[in-house]
Structure formats: C-alpha cells, structure tokens
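Turn these sequences into a full structure, and let the hints guide you.
Order-wise, the sequence lines are chains X and P. The numbering of the first sequence is the UniProt record's numbering, which starts it at 1 and goes up by one. The numbering of the second sequence is the UniProt record's numbering, which starts it at 1 and goes up by one.
Just so you know, the hints here were simulated from the structure itself, not pulled from any lab data. One thing to keep in mind: the hints can contain errors.
To be verified - Not the full set, but computed from the structure, chain P residues with beta-carbon under 8 Å of chain X:
1. Leu-642
2. Tyr-646
3. Arg-650
Stated by the list, open to error - What follows is a set of in silico ranges between Cβ atoms, one per label pair, in the way DEER data are often shown:
4. Leu-635/P to Pro-182/X: 52 to 58 Å
5. Thr-622/P to Phe-376/X: 27 to 33 Å
6. Val-161/P to Asp-479/X: 39 to 45 Å
7. Cys-72/P to Arg-653/X: 45 to 51 Å
As the list claims (entries may be wrong) - The list that follows gives simulated cross-link-like pairs (lysine to any residue, SDA-like), each with its CA atoms no further than 25 Å apart:
8. Lys-478/X to Phe-368/P
9. Lys-490/X to Trp-146/X
10. Lys-356/X to Thr-640/P
11. Lys-197/X to Leu-6/X
No experiment lies behind these values; they were computed from the predicted model shown. Don't be surprised by glycine CBs; every beta carbon is placed ideally from N, CA and C.
2 protein chains.
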Amino acid sequence: MEFSALLTSAGINIAFCALFLSLYSILRKQPHNYSVYFGRRLAEEKFRQQVDYFSFERLLPTAGWIVKAYWCTEEEIRRVAGLDSVVFLRLFIFSIRIFSITCLVCLFGVLPVNYHGQEMNHTYIPEESLNVFTIANMKEGSAMLWVHCVALYVITISACVLLFHEYKYIARKRLAHVTGSPPNPGHFSVLVRSIPKSGNELLDDTIRNFFVNYHGSSYLSHQMIYRKGNLQQFVDNAERAYRKFVRVKLSVFDQNVRSNLNRCGLCGVRASSFQLYRNKFVDAKKSDLSDPEVVEAQKDCPGAIVFFKTRYAAIVASQVLQSSNPMLWVTNLAPEPRDVYWSNLWVPYRQIWLRKIATLAASVAFMFVFIVPVAFVQSMMQLDQLKEMFPNLKGALKMSFCVRVVTGYLPSVVLLLSLYTVPPLMMRFSSFEGSISRSGRKTSACTKILFFNIWNVFFVNVLSGSVLNQLNVLTRPKDMPSMLAELVPKQATFFITYVLTSGWASLCSEILQVYNLVYNFFRKCVFCHQDNPEYAYSFPYQTEVPKVLLFNLLGFAFAIMAPLILPFLLVYFCLGYLVYRNQILNVYYPKYEMGGKLWPVMHNTIVFSLVLMQVIALGVFTIKKSPVATGFTILLLIGTILYSEYCRQRFSRIFHSYSAQDLIELDRDDEQSGRMQDIHQHLLDAYCQTPPGTGGGDNGQVPIEMIMEDPAQEVSDSSQELCDTVQEVSDSIQEHIDDK
Amino acid sequence: MEFSALLTSAGINIAFCALFLSLYSILRKQPHNYSVYFGRRLAEEKFRQQVDYFSFERLLPTAGWIVKAYWCTEEEIRRVAGLDSVVFLRLFIFSIRIFSITCLVCLFGVLPVNYHGQEMNHTYIPEESLNVFTIANMKEGSAMLWVHCVALYVITISACVLLFHEYKYIARKRLAHVTGSPPNPGHFSVLVRSIPKSGNELLDDTIRNFFVNYHGSSYLSHQMIYRKGNLQQFVDNAERAYRKFVRVKLSVFDQNVRSNLNRCGLCGVRASSFQLYRNKFVDAKKSDLSDPEVVEAQKDCPGAIVFFKTRYAAIVASQVLQSSNPMLWVTNLAPEPRDVYWSNLWVPYRQIWLRKIATLAASVAFMFVFIVPVAFVQSMMQLDQLKEMFPNLKGALKMSFCVRVVTGYLPSVVLLLSLYTVPPLMMRFSSFEGSISRSGRKTSACTKILFFNIWNVFFVNVLSGSVLNQLNVLTRPKDMPSMLAELVPKQATFFITYVLTSGWASLCSEILQVYNLVYNFFRKCVFCHQDNPEYAYSFPYQTEVPKVLLFNLLGFAFAIMAPLILPFLLVYFCLGYLVYRNQILNVYYPKYEMGGKLWPVMHNTIVFSLVLMQVIALGVFTIKKSPVATGFTILLLIGTILYSEYCRQRFSRIFHSYSAQDLIELDRDDEQSGRMQDIHQHLLDAYCQTPPGTGGGDNGQVPIEMIMEDPAQEVSDSSQELCDTVQEVSDSIQEHIDDK
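This is the structure we're talking about:
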C-alpha cells in the first residue's frame, strides 16, 4: 500500500464520519427520534414537555451537541450516569493524554529515523510504500536504534505516571462515591448460601437461630430466597403489604408527632413499635408454616438475604469464614437490590465452582474454535482455493464483479457477522457462571470479550497463516518475541485500515443508533404507532470497554514499529470521548452501579499492552542485533512488572472491598442523625424477588432507589403505596385462587 | 543393569540398614548418648533420673524402640509433638496405603504384561535386563495397553479417595486442636504494620486512638515493636515488671478472697482493679514521653501488636480492610509468641511485596543455576570430556582406580555436597521474604525446597542431556508428554538405586544422628566435658517433607512405567514411618505449632504427582499408538483436576483461617467459666520482644506457654516471677546506666 492510498482511504473515512455526524445532528432534532436519542432523559421524564413545532433550523447540521457534551462537568456525569461512566470516560482521557505524548515522540523522533533507515533514494513521499515508515526499514546493527529505545522509555514512563495518577484519582472518586451516595441496602445485607438443612427445624428458623446466636448484636432480619411456589410468593407479598401498611400508619402518626417534637429521640420509639408489629407478624407466620407446601418450598430454598443493623457488621459477616466447613454458610456482601441477578441466586452454591471451570473451559474452547471462521475468511480471500472448494461456481467466479465481491467484501462480512455472535455468547457464559449480580456478570463478560478480542483480532491477524501455525506459536513461547517482531510491522497497513474502518465507523454507528433509528422509523412512520417506546438501555460496557482497550493495545504495539497508526488512533480517541459523553448524557440509562470496578481490568490491560510493546521491541532489537538496546528494554520490562505489582498492592483491594474506617464513619453519621431507623425499615422491603421466569433479562426490573424522602413527601407517597399494596395483595389472592 | 545386579544392590543396602538400625539400638542405650537420642525428653526433664549402671544388655541390639514407636497412639504424639508431627506421620500412612494398592496392582497386573510385551524367548529371570520390566518392552498398538489404563484408573481413584479421607481427617484434627488446646495469645492479637505517622501525635497515641475509635468495644491494649533504643527496652521492661507486680499483688489478694468466695463473680472486680492500676501506669508513662529519645524511637517503630478482648474480634480486625489506603494499617493475625520472627517485624511493610518478588526471582534463578553443577557432574562421568578439560591429569586418569573414583564416586559427592547448600539457602531466602512467623518461614522454605527437588532431582535427571536441552523442553510444553514418556522408563534403573541409596540411607543417617553423635563423642570422650548439652532441635520439616514427597512423586511417575521401583519405595515408607515416629517421640522438641498448615502443600504435591503420572501415561499411549487408552487418560486427567479443585474449595480455607462459629464458641466458654480475665492479663506479657541481634536464629527463644495454672500454684509462681522481674529491671537499669 502506498502512502497516497492511505491518505485517500483516510480522506474517504473522514468524509463519511463528517457526513454521519451531520446526519446525527439533524436527526436528533426531529421529535419522533427523541426516544432514540434521548432515552435516558425520557426515562427521567424531563424531556416530554418540549413542543413539536417545525422550524427550518431542524434541517441544518449543527455542532451544538459537541459543545454540550464537552462542557458537561464530570460531577454532573457522575450524578446522572454513575461512577462507571466517569471511569469509562477517564479511560478516554488517559488514552488521549498518552497518545498525544506518543504521537509527539514517535512522529518527530521515530518516524524520520525509520524513513532514513536504509541508504536509498527517497522518491516523492506520497508514492512511497508504507513499509519505509516502519521499523522494518532499519538496518541491522544500526546505531540509531537508541532512538527507539529512548522512545520506549518515554512512552512507558509517561504511561505509568498517567496510569498511577488515574488509579489514584478513580480510587478517590470511588471512596467519595461510597461515602457520598444515599444509603445502599447492599451495604447492610449479606447473601447467605448453602445453608445446612436440619431435620427437625425449618430453614427459616435455622437461619434466624444461627445469626441470632453468632451475630446477635447486629442481626436485624432476613429474607428467604424461594425457588418456586406461588403460595410462598403470596405469603411474601402479604408480609410486604403488612409491613408497608404498618409503615404508612406509623409515618402518618409520626408526621403528627414529629412536627411537634422536631424529630428528637422519637425515632427509637417508632422503630420499636414497628418491631413490635413485625414480631407479631412473624409469630403469625410461624404458625402458618405447618402447611406442607411451605415446608416443601423451604426445602428448595438455596439461600437467604440477611440484613444487619450496620454496614460494618454486614461486611464483617461477609468476610469472615462462618462455619468450619467452608462449603456451608457461605456469605457474600449482597448486591444492591436492582443489581441482584435473581435467577442465579437459585443456583445451588455447590455447583458454582464447577460452573466456573466449565465456563472457563468453554470460553477458551470458543476462542480457539473461532479460528475456523477466520481461516475460512482467509481461504475466501484466495480465489484458487475457493474454486477448488466449489467447482460449480467456476462460471460465476469468472466475472470480475463477482470476484471483487467474493474476495473483497464477503470475507469481512463473514468475519463481522461471526464477531457479532461473541458478546451475547459471552454474556450467556457469564450468566451460567453463577454470578449473583448483574454487574458481576457484566464485568465477567467484559473480561472474556477482552481476552477474545486481543487474541482473535490482534494475535490471530498478526500471526496470519495457517491455523496450525497459530497453535504452534503457543507451544513455543520462547520464539514469541522474535516472531512478533517480524510479523507486526508487516501487518501495520491492515491495522491502520482497521482503525479507520472498524474504529471510526463504530463510533458513527454508535452515535446514530442505526438499529433503533430504523426500528423507530418503521414503527412510527410505517405502522403509525403514536406512543414513544422507551429505549433506555444500560450502557454496554461489556462490548465498548474491550473495543477501546483493543485500540489502546494496537496503539502501544505499533507505536515504535509503525508510528503512522498513531494520528488515526488519536482522532479515534478524541472523537470517541465526545461521542460517548453525548451518549452517556442522553441515551443510556444506568440501571445499576458497578462502583468503578472495571478500572482494575482497564489498568491491567493497559499494563499488559505496555509489556507487549516491550516484548515486541525486545524481539526487534534482537533481530536488528542491538544488544545494548535489548539490555535496556529488559530493564524496562522488569520495571514495568514491578510497577504493576505495586499498583496491585496499593489500589486493588479498594475496588473489591470497603474499609472498616469508612463504613464505621458512615454508620456513626447515620446513627447520630437518627436516619438509621429509617434505613432499617426501608431495608426490609428493599429486595423484591422477581418470579423465576422473568428475572433473567437485563430489562426485567424497574430500578428501585432507596432514597430518604423528606417527611412532607412521605405521607402522600405512603397513601399511594398503600393503594398499590392493596392492589398487589388482591392480585396475589386472585392468582392463588386461580391456581387452586 | 541386570535383575540380579539390582537384587545384589538391594541386598547390600538391606544389610547396611540392618547394621545401622542395630547400631542405633545399641547406641541409644549408652547413657552418654542420651542427649543425642532423647533430646525432647531431656528438654522436658523427665529422663534425668535414670541411673547410669552398666549391664551386658546395653551391648545387645534390640527391637524395643520399634515396638515403642509403633504402639504409641496418635493422640499421644499430638500431645508431645504437636499437630504437625501427626500430619507428617499421616503422610507416611497415606503413602503406605496407596503404595500397597499400587504394588498389588502393578506387580501382579502391569509387570507380567510388560515382561511378556515382546514376542521373545525369555532367559533365566535374574539375567534379564531391567528394561524388559518397563513399559518400553511393550509393542506399538498392543491391545494389552488397557491393563495399564485400568491400573492408572485404580491408582488414581484410590489415591483420590485416600487423599480426601486424609484431608477430612486432618481438617477435623486441626479444628479439634484449635478448640482443644489452651488459650493461644496469637488468637487474641493482631499485628498491625505500616501505621501512618501524624506530626503532632506520638505513634503510641495514634494506635490507641485508632483502635479505641474503630474497635472500641473489643480493643484491650497494644504493645509497640521497637527497632532500637535501649531506653525503650528499659521502659518496656519496667512496664512489664509493674504489670507483673500488680498481678502478683492481686493474685495474693485474690487467693485470700477466692478461697472464701469460691470464685464467684469476683473476676470482674479483679480485672477492673487491675485495669485501674494499668491506666495509672499508662498515664505515668505518657508524661515520660516528652523525652526526645522516646520520640525518636517511636519514629522507627514499624508496627505494633494489638490485643483484643475476644478471639472473634481479633480475627475480624485481621481480615477486614482497615483503612481506605490498603498500604496503611495493615493487619494480620499475630503468630503465637514463641512463633514470632522478631527480626522480620522490623522490616517496613512497604518493602514486603518487593522482597517477595526478589525472593521468587532469586529462587527460580538458583534453580536454573543449579543445572551447572549437575552438568559438571554429568561431564565428570564422561572420561573423555574430563581429559580434554584437564589435560595435565591424563597421567593420573590412566590408572583404573583413579578412573573409578573420579567417574563413579566423585560425581555423586559433588552433587550431594551441592544439594546440601540448598536448605540453608532457601531458609535464608524465606527469612528475607519478610515472613512474620517462624512457621511461615519454614512453610515457605519447604515449598521452595520442594520445587527445587522436583525440578533438579526428577526433571533434570530424566531429561539428562546438555543444559540447553533441558531449557529447550521448557520452551516446548507441547512435546513434554511424549518426551517424558520416552525418557522416564530409561531412567528407571537410576531412580531405583536412588531410592535404595538416598532414601534408605537418609533414614539410617536420620536415626543415627551421625553429626550429633560424633560431636557428642568428641565433646565427652576427647574433651572430657561432663555436662549434657541439649540437642533439642525442632523438627526439620523444610527438608524432610520435600524428601518424602519426592519419593511419592517417583512412585507415581514410575508406577506404570517401571513397577519394579514400588517394593523398594514401600519398604522406605514403612521404615520411614517407624523411624520418624521414634525421632518425633524422642529427639525433636516442637518449638512452635504450625497447626497442620503443611497438609495442603502435601496434598497439592501428591495431586501434582498424579497428574504427572497421567501426563506421562498420555505420552506413552500416544507413542504406542493406543487412541482409546489416550482418550480414557484424558478423561481421568480432567477428573483429577476437578477433584483437586473441589478439595481446594472444600478444605483449603480451613487451613488459613478460623471460623466465626468456633471462635465465638471458644470465647463464650472462656467468658462463662470466668477464665477470660486471666487470659487478658497473661496476654499483656505474652509477647516478649528479643533484642534485634539475638532474635534471628531458630534456637534464640525459650518457648513460652500460656497455660492456665491452678490457683494454688499461682502464688508461689508469682513470687518467683516477682524475683525474676526485679532482677530483670535492675539489669535493665544497669544496662541503661552503662550506655549513658
């Protein structure tokens, strides 16, 4: 490929991008597309008021959305879209920063050295082959390789400094998020699984006795998880209804007293009276349990959610080994209510380890099986092989148009289509794995897709050759550096076009929301539906994070080898930053919070990319016979690994646990301000179990927020709640009767 | 090597063993050897009463010790030598059981099949080459390979069943040990490291404030760890003296009251009055701290031991993340006092991760560097190479005696001598690693030596060839099975003689205690010292466990390949069981308790050996072209890995932590019986810090036991204690004055 061809390709892609972005700026102004482009805002019901008037301005492309997306503060994004979006955008900020530095260093330092590597007469630059810009153009034993080595040092050190800064910043943000957000029921609740069954006691009593016995001072209550049984559902609903009723009554009563007493010391009374009612109810329920159906249902109970009085007590119960048999009384901190993945709670705990191994095996197997479509694509690109495979197609294959379609267009379509099967499959794997929370499932899928992308997009393409060749590489890890060093520069052209087409195009398709747009168009204009469907999806971290990280990896891997890729990447990151900011602000609706848990994944992948860059450089310096540069690179490699280990020591635990200090402070604040009793009451109703059939999907559950309302609001809410509850109970009764 | 040669070699070794054991049975009856052969009993001072009379019987070899060793119950061994010895002996019991089964299966099933593998005329058996007994004698594609496959299944399944049984048994023993042994100060104490320094507060106050603030209900007291400073030592001693004095006073007072009141409810009063005294003292000490030397000493303090009121509180504090910076307020459950490795407590916590990586790198490097002496030994075995290396030795090398010595004897001496450097070096590595307890250091060294043995004795000898060859194997993991399958049967003869010489001989040298015996002889008979020196060493698990595990590995690796090794191994295990039982009962003195923590290491190594056996079998079946057997072996391999993972899930955590249930029950028992106050008092004096210079060695510290004395004993002890304390304090003052 010549330099001019690359420029042409870039020009075409830039034009397309500009076109799509203009199209977006027009389409977003059309009222019938609001549901596509402002899903989040619609979900928050602030956007409906806009009047549907026509103006000529609606047909003009404008850049207003870019300005809005750019000027929005981070705090605002955190408030509307959660910490995870902030973390995702920080990844872009990091990428922009590090690739600006890399661009500077490599375009003005490494590129001229590569270009003048061989003693040759350079022709007019646009007619130059792209190979003269890569490290393949350097002579063996060239003294100028120290430029590459210095560039390597500059890139690695600045990446490490920036990464450390980001890790620290995000860890601080995470802490502020934990301490600053409203009380989260997940912090007070522990999921207990694998409860031992005793013959002469109901499971419900077993759980109560265990926690009253060993965590008596902090145990509040518990809620069983049922696998099946409508009666159970009914009893549960009735209990919830009763509790709500009690609360409403109390809050009405409370309202009156409170206004007189100004909230001093009365909370205690209120809670204990509530407790009184509750205990009565529990007693009433106990006598109910002589029913054989209830006993049957309890036998199938795979676990319970246990509520504690303080956050600290919950985290202690979740981290300390409960029983001397580690397979019994397994405790984990419960996810927040809207994050619970109910259908996995019904999975018996003793299956989990087996499921994890099976999933791991299946993912690895799938990764390698996927080489088959890649090999098929490669064989499609070679016409001769194709003719052999399908002899009766020979006639059609003689036409030049058909040839062009079959060899040029079809392969990438096949590859793209087979790539589209990956995220749903990996999500299914992650569900099967037995993750108890939606966020855990997403994180797990994200890691799997990341591995898959790095292996199947980067390695398989770099090592392109026969399938056997690729497998052989795995069996000879020692030859990896020199093999990569030889093959990576050759594939530079492919990956530059990959960034242009897959990277830039994916951003355009992301902002246009093509699928939803078309669906909406047909729905409204062809089938004439008038209502606005809601497109409030949660952000697809599991597909977007691996994509961005893959581009990071490409950037680092090619930085020294073929610096021409860097400007295109930098444009991708800048554009991506704006596009995703816009999408996060307008389109996606955060259904649950992962608390920035994806950052360690991102950090580790970037460190891996740095190490990969150094390993490739090591191979290059060995091939080019520059022992000094090799030595310095090994030093850098050791330094990078030590740095990564330090970061793990310093930050990793923050993202997996909460510190006693913070939790105790939070508990104290709540106790001193008297909010604790309110929290305890809300806690008991926080976890609403969806029936087995409906809990699987991502969109199955309406988010429940546990926010302390101001007292004036409470009464009207309560009466509304009461109505709902009555409705619920009557529905349940009706259902129960129908079943009988 | 012929079969008869093997029998001759075995006969010679059996004769030697019999000789050494008889010698032992005579030597142990000589009174001047008591200190060598009854170190533990002497240390417990029960053995001194024996009268030194001469009888002719003393010169006759007897088997009484074998009977005594055999009939001793496990419970007795646990009581005198701790749980670790029991676990070590269980390893022998497991080995004897599994290798009895393996012997049966392989000698009567596999061996005849191997022997009749080729269609050939068999000569008289003793003249047969040993090769006809190995799997190398089987034809390609032989149908009789299913015998090997069935044997593989029988061995693996019985090993898994036995292992599971052992794991369960030892886990139960460990729990019984934890709940049954006297209160351990380590269960109440948490080691806190990396305490943040605040400018306007002394470290002592920082610690107190932190724990009073966040663990107020359970915090009892704390003890700083000082790096240097005699004054600090002095202040500490004074505090300890004061505390002991108070206790003596109280216990005298208590004694009087107690006899009247029969121990009812007075403990509370006693403790609070004690607390009163203590607080006064703390106040007094606080004013002392204006001294700049104290401030200086506190600056260097790397941590503190914090005491809690209950075991549960201590484990909670040790497991929950304390601060939002995981590198600050790092908590670990403290080792028991005699197990603390003081000199490592002075290592700043922020160095630990770096030290661990450095140690790992150094150990791996040493493992590979050790190939050099092995290669040197190999080159010594080849005379031609030797002549080239040392041309001026040509004259000497012509004599046949010299040749025999240089090629036959010297190589193994060189290898043995270089192998002797390994355990001390690995112990040094493990000390450098920063382990806070002696037991942790020993466990870590044990793992390192284990890896080293498996690599340098098994792999390097099997893959014997040039150094480069061995390294190449690592870079081609795929070829490993077939390479092993080809090479392992060839090395059968070498390893059979290895079992005979290294295994049996090591047992004889172990029971004779050659080094101590000679030292003792020179000391008493040549230099005429009359006193009995104490040879009360703690059991060298770090060298013995890897040795036994290596023989296990050899047994499994060769079971199918060359079953002739099995009877010799079985003899080794039976003899070893008796010898080590005897040594544990008589010679070694347990200085600290590891609580059976070595079992998971043993279990994992045995599972690894099983997997290795299967991998080698896989290679053999591939070479012998038996696809069905290959398929079944792969199934077995997957099953073994799943089994190992299940064991990890089921048992592993028990060996690293204590369960809340057990600890709370223990706490309750102690509280209800009123012992808790006594425990708290003992706790404050339990950790006696040795000065930096003397704390390093293994023999530096006299074991302190924390046993609840009966009240009558207490008074006399107390007065003795008081005298000691006064002596201590006056010594300290003297030292302090000398320093000034």
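Against the structure, the hints come out as follows:
1. Taken as an interface hint, Leu-642/P checks out: its beta carbon lies about 7 Å from the nearest beta carbon of chain X, inside 8 Å.
2. Annotation: interface hint on Tyr-646/P holds; nearest CB of chain X at approximately 7 Å, less than 8 Å.
3. With a cut of 8 Å, the hint placing Arg-650/P at the interface with chain X holds, because the nearest CB-to-CB distance is about 6 Å.
4. The hint said 52 to 58 Å for the Cβ distance between Leu-635/P and Pro-182/X, and at roughly 53 Å that hint holds.
5. At about 29 Å, the CB distance of Thr-622/P to Phe-376/X agrees with the hint of 27 to 33 Å.
6. Checking the proposed 39 to 45 Å range against Val-161/P and Asp-479/X shows it holds: the Cβ atoms sit about 43 Å from each other.
7. In this structure the hint that Cys-72/P and Arg-653/X lie 45 to 51 Å apart at CB holds, the actual value being about 47 Å.
8. About 16 Å separates the Cα atoms of Lys-478/X and Phe-368/P, which keeps this hinted pair within 25 Å; it holds.
9. Between Lys-490/X and Trp-146/X the alpha-carbon distance is near 22 Å, which keeps this suggested pair within the 25 Å criterion.
10. The suggested pairing of Lys-356/X with Thr-640/P holds, with an alpha-carbon distance near 16 Å, which does not exceed 25 Å.
11. Annotation: proposed proximity of Lys-197/X to Leu-6/X is violated, straight-line Cα distance about 69 Å (limit 25 Å).
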